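Take the given structure of chain B and dock chain A to it, following the hints.
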Amino acid sequence: MKPVDFAYHRATGLDDALEHLNAAGEGAKLLGGGQSLGPMLNLRLARPRVLVDVSSVAALRTVEPARERVTVGAAVTHAEIEDRPVSDVIERAMREVAAGIACRAVRNRGTIGGSVAHADPSADWPIFLVCAGARVYIRGAAGARALPVTDFIRAAYTTDLAPGEIITHVEIARAGGQARFGFCKLCRKAGEFAEAVGAVLIDPERRCCRVVTGAVGPKPVVLADTTRTLAATAMPPEPDAIRAEIAAVANEHDPVKLHTAAVAVGRAIDRALAAYAPSHDGDRSGSGARTGLTFQSADI
Amino acid sequence: MSTGIGVRVPRKEDARHLAGKARFVGDLSFPRLWEVAFVRSPLAHARIRSITVPERHAGRVFTARDMEGVRPIRAESSLPTYKPSDYPPLARGKVRFAGECVALCIAPTRAEAEDIAEEVILDLEALPAVIDSLAARRPGAPRVHEEWGDNLFLTTSVDGDFESARKRAAVVVEREYRTARQCMAPMEGKAVLARHDERKGQLVVYTSTQVPHLIRTGLSQFLGLDQADVRVIAPDVGGGFGYKCVLQPEEISVSWAAMRTGRPLRWVEDRREHLTAGANTRQHHYRLTACADGRGRLLAVDAEITVDVGAYSVWPFTACLEASQAGGNLPGPYALDVYRCKTFSVATNKPGFTPYRGVARPGVCFAMELTIDAVARAVGREPADVRAENLVPASAMPYTNVTGKHYDSGDYPASVAGARRMIGLDAVRARQGRSPPLPGGADRPDTAHARQDHAERPARDSRRVDAMSARQGSPGPDGRLIGVGFSTFTEQTAHGTRVFGAWGLPLVPGYEQATVKLAPSGTVEVRSGNHSFGQGLETTLAQIASEQLGIGVDRIRVTMGDTGETPYSTGAYASRGMVMAGGAVSKAAESLAGRIRKHAAHLLQTGADRVSLTGGQANAAGGASVSFEDVARAWYLRPDQLPDDVDTQGLEVTEGYKPEVDTGVFTYATHAAVVAVDPATGSVEILDYVLFEDCGRRVNPMILEGQSYGGAAQGIGTALFEESLYDENGQPLTSTFADYVLPGPVELPAMRIEHTESLSPYTRHGIKGIGEGAAIAPAGAVVNAINDALSPLNVEINEIPATPRRILAAILAAKTSGPNEDGRRRSP
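If you read the protein sequences in the order shown, they are chains B and A. Residues 1 to 300 (the working numbering) make up the first sequence, in order. Residues 1 to 828 (the working numbering) make up the second sequence, in order.
For reference, chain A alone in the conformation it holds in the complex:
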């Protein structure tokens, strides 16, 4: 049976994960290993007057003063107006967010290291903190980096003739949107273990990262070491989501301390450290104006986007990436002719912004999708229709949009039609008693009356029955309001040299390399400098090799994550793994297949073009065959059997690959949600959730579905639950999972997924990236559904997460300002 492309092969890595035999940084053990705890800043913004270490802890505590010669993390960019920041691994002079590392403490155990950390005395002079990104933009705001004249890392601007489009518009919709600051919350947090290998004279750093080769480059650069003197090994990694695609200050300071003390040292991030010092992503603010004709066809969009970047620019992706992506991706899948946009990347006293699954697109998708629904309501049409009509049609592919994004292939409107069919839009509308929606949202007293509460709210179990009946279109008895929402996006994946070059980042990905080797025993070894931290790449790369070589994945060993064993790769980010590493493995395996055929042809006394590779054998057209083991034995042990014109490079091939057009290949999808909103409590239950996706050729549909479920779960977290909160002094208020709420199995719906495959014309096998995609759309779909449900109450939510408190506050505010009826059920 084939284990090649398109087959639902069970994941190779699961055998060790399920048996508890995986090895994460926390599982490693070395003689004389000690643990690290950090003293972190208790204040969001302060000048450091002094750091006092009790004498008995001398040699156990290190501060910036000890780290002579270590450079601060500094990420350059060639974008105009960009200001780089200096981010010392241990704070120097000032602290700029609560949780910033100030001192590093070592002891035989973590508990003892924390005991020492408690006794280090920080004398801090508190400075006014900048917490709100809009306030930080104002002149006179306290400055995060005093030497700057303002708090702006970067401003960008795209102009378009918006004003004349506005004059032609039948409707103009203006909205303000906010998305919360978030944590990525991988199951395994950051973790790093550093030791000095005396024999090789090498610093060896085991770290939980997505980008081992980049970390090696970064460590060398900031520690002032030759790259040959540094080896980085990413062992099993328990989730990344972007959190682990940048150089962490702890990676530098722990490495430095291991060299300084000559002792293996390990730091494992705990959950409180993650929820405070790791609250580093997603926070956007939008002012958005959309002009449309009387049918809801978009004429122009004007946007002002403010990204709360936090205190420091991360390396290598800089403080620019998020806002650049936001401004460039806001038009998304829509055919839009006029676009005007300003972006502001603003420094605040929070942890430095790090790209999280979807990078900017969850925010822009939320803003754009809510705007599409607002336009549809303004013209009194079904949002699904207005959405589909505004999308780039299949006939226009390939299509270059208003911001210069080149969409390679796909039928975007078909994804709306697919999601619409799957969610059963007509049945939901029938149940609501409205079709199509009326304009304005407020003027439908009949509907509102018809949906007042009548009966006892059922217990938890029977709500599930409601969920079923929602799909069947019968009315629910529990007084909750039903709504349906859609969200469509397109995602640039595996964008490469040209895109990153234009941003002028310290890293520009080029040719991704992979090595494929036929080993002496006849098994295949695949080596990639990319990394697998839960995406199943260990299996899917093996499937690519299996496809090219005709040998089962059980006889293919994939090695990743170790800079000592793999060719250079900029790593796993930007949904590039399958396109880039997959493409490189494909190309190298294809090349190896040619050599195997040539050697086998000699053994079989036939022509190489008459040899095919299947079932781990080389088969001659006439029926004779030799095994891969025979072919390998000839090269390694019995070269006397080889032809005179043998390829002297042998049975090991390293190839580099990038797609012909390297500006990215575009995955797209439409998600749809049906929700029930309890107007008395503001609580939301997702009754139904569907995804209609297209990522080109699917290498392993089962793994892909897992990615989609997980991504959508994170997106639902963004939509309804997750929020890193601060008080006005920048103190984090959500430092445990009791306060930072992640969705659990009870909150997540049983999602349904369908796929179509529009192959990319530019990539090997027509593959597009999919790793991030599903996290992008949920906030748009869920909040559109909430707003659809709440429209009889004249309530609209434009901020996420849409918590019960936010929804209820909006309902209560609408009640005091309007004549709407009391949503709470009154007993007879």
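For reference, chain B alone in the conformation it holds in the complex:
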């Protein structure tokens, strides 16, 4: 379990990184925190000729909490996101997601950009970013471009990133004051990759709602029917309906896996809705607390 021979370059800036990446051509690989690439190198599943380390490129290391959106540099670590102050539901959600990744030692090094680029179907950030409708920004020799994370990730471990391109940052739109987020990650052991994940964002002011299933199928997917039902009723859909939709969109037919995935989604919905309930054990079908939550034509 030792890597093949490779050259290593610690990039001093974005242009320097791009230059080295392009000079090396197909044999080059970007190194962020190395929390996935490291083991893959040791297992010789990844065999690059050159590693371009972007983990200390200043331009990739900033977080800009603007009024309309939060911009997070690709080389910002999970721990840095976990430790940031939070001012709204999006930042609170990001803290929750960051804090649930692996263990602190991994979070100290692993980066959000690396997680998106690796596109592990069970990884936390891609699931959250799809749920939040985030966009990923990319720089290459030909210039800059951006696309939604849900389009950027094509399949398991497969993205739209072309050779010679670097993810610079992700951009997450802020949510309204009434917005609620729910996340449920089921794993065999604390810090392991998930067996199933559910992520839910309900944002009445922006008429935006997304229910996402993750760790099932090749990539995180918005459950459109479940989302519409939730948006229209502010009630959790029937478990059987959730299960059926996951089976269809993820092409997953193992009953245990499907049941687990539906439970994760159901619990994420419950957690998002729980914030509206007057108390945890109260009757959530009561009218008062959820007035204004439902909306018919949600932007998913």
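It is worth saying that the hints were derived from the structure and are not from the lab. One or more hints might be untrue.
Claimed, not checked - Taking lysine-lysine and the DSBU-like style, the derived pairs with C-alpha atoms no more than 30 Å apart in a straight line are:
1) B:K2 <-> A:K94
2) B:K257 <-> A:K342
3) A:K815 <-> B:K189
Nothing here was measured: the structure is a model prediction, and the numbers come from that model.
Below, chain A alone, put in the same frame as chain B:
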């Protein structure tokens, strides 16, 4: 302050471990040292057509063809029906498991050696693989060893009049149980460094082993060397658990290559090698039938045990040990009159079975303890009561059981009572709303209804609050089902000559020897051929010497693990270290104490019987004293001060020891667990865990508790997490820790331990072995608790690890076959 027996002395070895100054094989350095990487078989079963080494790597790659004169590892046994296997250190003709060593590659660094290994071309003709041990038993199954007529290493059989007992039975419980294949996962894997000492003309092998003297014997035998030409040194060893108590093929091939090349060579097992080629233990299958009277008193047990032994028999413990131990130990602590058992040790295309902490007993304990609970449910009684009533009572001690095991001392039912009190059984039953459990498990709609989900599942932190309230007996709000389970075992420890002789193994332990010496400076040196690989033996052996000599452990130096410096010992296994090496040190130290008293009496001008040893001094009855240093100086430097009738053997004593009755001394314990099972996900949280143990006299209670925590953690791994999986072609599917799941600190409960001490009548100081014990019971306790929790859903788990997937699959299956309610919470 005393540092003798019974004192919580801080571990001597921790000073270097905590300072990062320990030295493992991986830390060693020699001039011209190169590293080794192995080419391992990618297939589980194949004929080797050819092995091609690129010309530029000539002299860097070695195969079986190069190793002329090296014998295959072959472990004999005198047990009838046993077939030994030939296990070449590098595969010859065929490969029999994925991960088997085929070629050895050397280079200045491991990465370069792996580069070379990648370029060696194996031309293999794939053969059908035998992966399932029951399928391997069938006629016509592909044969792992073609020259055998079948795949059976060994079959054993014990007969009893089961059928007539069955006629008398009020209840008959039949079950099928499975335990998974596992890895032992020590922090340090295997590691070996071999070099030739030109001056001494000796092959010197540094290896991460529990049994340095045995490795020396084995290397000599299979390499064809005189033992005098081999020295084995086990430096610091980072955990063994049985993984390192057998001769490894890599120890032979690396030693051979070091002699062949004249260059120091080292191989360090990496984690992928461990998780594939080291997946070698625990896998059992049981068909078990128990007959009981209307109160749940066992009348008879019938068992068929199949052990998946893998491809090869390990040396020296053979492929027989596991099944022999399983068949002999299944009745365990229970007073059982009728027992019938067949065992099958089956060859499959997996790594060769190696004894792991508890040896067979984690499996038999799991099978027997689940059966006891099934009997209790069948008769509608509290399992803890049924368990206690079936145990051998204290009044029957010493007791020889139905398989001839001789239990030396103890009060087994008291351990159930102790665990029951510690876990708060009544409060758990009150919280469940049931007491005692109803028969059958299915017919209690009221209870099931009462425990349906009502409220929001709390976040992770508040689940801990639940855990607290579970102990206090208040109902949990999160929809999880609570269950409690017990598990009792007895463990044969330090079994010796007679037991191993009966198995006819290549190794039969006899008198364990130790040397104790008063050095010129007045400090004490202890030498043992046993080894410490985390058990704290460096400290506890010093405590034994301290007890006998009245000198603090800080002035006692313990040397182990080096065949050049220590007397022969078969090593550390079978929970024998404290009984055997401790007994030998005790006896040698006692003898040395007599000599010190005699010399001191002369210096003090009094009688030896009037001299006592305390505080590193020899004290005369009248108050005068001389220091150990004075006594040592007289012998080494001022012999003119010695008496005429001085003992000419001096101040260095080697003694041999074994207990008067050497069939083993029996430790026992009851573990109890409270679990919460989430019926929607199948996940299990252990809310509470207690151990009530008896290992006779405790030498260092603190170290012992550490052993118990660690053992129970491994047992919980067996119960809930660990499983080496294969596809139908024998490809390992769990080759990293992402797939082979070990419990971590978050998954493990804060365990509570209590002890009682029933001294063994047969051993020095009444000590019994404890090293393995705590790993035995957890699967029984945890899965009994899971089954207790799931009984309202009419679900029973009989396979470990009890993963969320297995539990959920069983719940979903019960739902489709019965009218039970949907376990998932529905919002209002």
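Cross-check of the supplied hints:
1. B:K2 <-> A:K94: Given pair B:K2, A:K94 holds - Cα atoms ~28 Å apart, limit 30 Å.
2. B:K257 <-> A:K342: Violated, because 38 Å separates the two Cα atoms, which is more than 30 Å.
3. A:K815 <-> B:K189: 26 Å, holds
Hint 2 alone, counting from the list given before, is not met by this structure.
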